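Work out the full structure: start from the sequences and follow the hints.
So you can see what is in the structure, the chains are spelled out below.
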Amino acid sequence: AQSVTQPDIHITVSEGASLELRCNYSYGATPYLFWYVQSPGQGLQLLLKYFSGDTLVQGIKGFEAEFKRSQSSFNLRKPSVHWSDAAEYFCAVAGNTGFQKLVFGTGTRLLVSP
Amino acid sequence: DAGVTQSPTHLIKTRGQQVTLRCSPKSGHDTVSWYQQALGQGPQFIFQYYEEEERQRGNFPDRFSGHQFPNYSSELNVNALLLGDSALYLCASSPSGTGGASYNEQFFGPGTRLTVL
Chain B
274 AQSVTQPDIH
284 ITVSEGASLE
294 LRCNYSYGAT
304 PYLFWYVQSP
314 GQGLQLLLKY
324 FSGDTLVQGI
334 KGFEAEFKRS
344 QSSFNLRKPS
354 VHWSDAAEYF
364 CAVAGNTGFQ
374 KLVFGTGTRL
384 LVSP
Chain R
31 DAGVTQSPTH
41 LIKTRGQQVT
51 LRCSPKSGHD
61 TVSWYQQALG
71 QGPQFIFQYY
81 EEEERQRGNF
91 PDRFSGHQFP
101 NYSSELNVNA
111 LLLGDSALYL
121 CASSPSGTGG
131 ASYNEQFFGP
141 GTRLTVL
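Chains as they are written, first to last, in this note's numbering: chain B, 274 to 387; chain R, 31 to 147.
Hints in this document: simulated from the structure, not taken from any laboratory. Note that the coordinates shown come from a computational prediction; the quantities given were computed from them, not determined experimentally. Don't take each hint at face value.
[As the list claims (entries may be wrong)] Taking lysine-lysine and the DSS-like style, the derived pairs with C-alpha atoms no more than 25 angstroms apart in a straight line are:
{"id": "1", "chain 1": "B", "residue 1": "Lys322", "chain 2": "B", "residue 2": "Lys341"}
{"id": "2", "chain 1": "B", "residue 1": "Lys322", "chain 2": "R", "residue 2": "Lys43"}
{"id": "3", "chain 1": "B", "residue 1": "Lys334", "chain 2": "B", "residue 2": "Lys322"}
{"id": "4", "chain 1": "B", "residue 1": "Lys334", "chain 2": "R", "residue 2": "Lys43"}
Here you go:
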């Protein structure tokens, strides 16, 4: 069964500093990988996804993520954080066969300090 | 394009009652999945509907049931509510496919916040 680990519950970053959110997954083959963002009281917005091909994927709002098969990781990065990036970030995995559900990590709350 | 819509936005119920939540998928999508997000947790998959049938189910009791209508909209029903059912319930829609990449891309609605007292 798939699983996702986001080891950081909270992260505080100064505005303008770089950001990296960690995500490790467990799956027997190459999965589909996703990063979602959730603002308070809101649903989930897809930031980026990896299905195959280039292991560095670009997303919306200046985010990118790198798939590293050897480390079973899919870390999210942003070179310069803006105050509006403060939110909850979820990494998710889905199997690459059939009609698979999304399995989410427990999330990382990003706080941005002035 | 209205995206995925859910109703109601908020709901307060008491233990033992029953509740129905509704979801309209994004235009062009025919598959609907439901997720439960407890406070401080990531969403957990409840079930998925396609062609008016439950196609997959997560680890949730039979008190959780659903329905999909011919227009692809969906309902989530929860019977005999428990305090632990308090959560944000998210609906996600996706286009059907042959199991390829496009199928797994799910678009989420804003959710229904259920509080059980």
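Consistency of the hints with the structure:
Taken as a hint, the Lys322(B) and Lys341(B) pair is honoured in the structure, with Cα atoms around 14 angstroms apart against an allowance of 25 angstroms. Taking the CA atoms of Lys322(B) and Lys43(R), the gap is about 37 angstroms. The hint is violated against a cut of 25 angstroms. Pair hint Lys334(B) plus Lys322(B) holds up; C-alpha atoms about 14 angstroms apart against a cutoff of 25 angstroms. Proximity of Lys334(B) to Lys43(R) is assessed by CA-CA distance (about 38 angstroms); at most 25 angstroms being required, the pair is judged violated.
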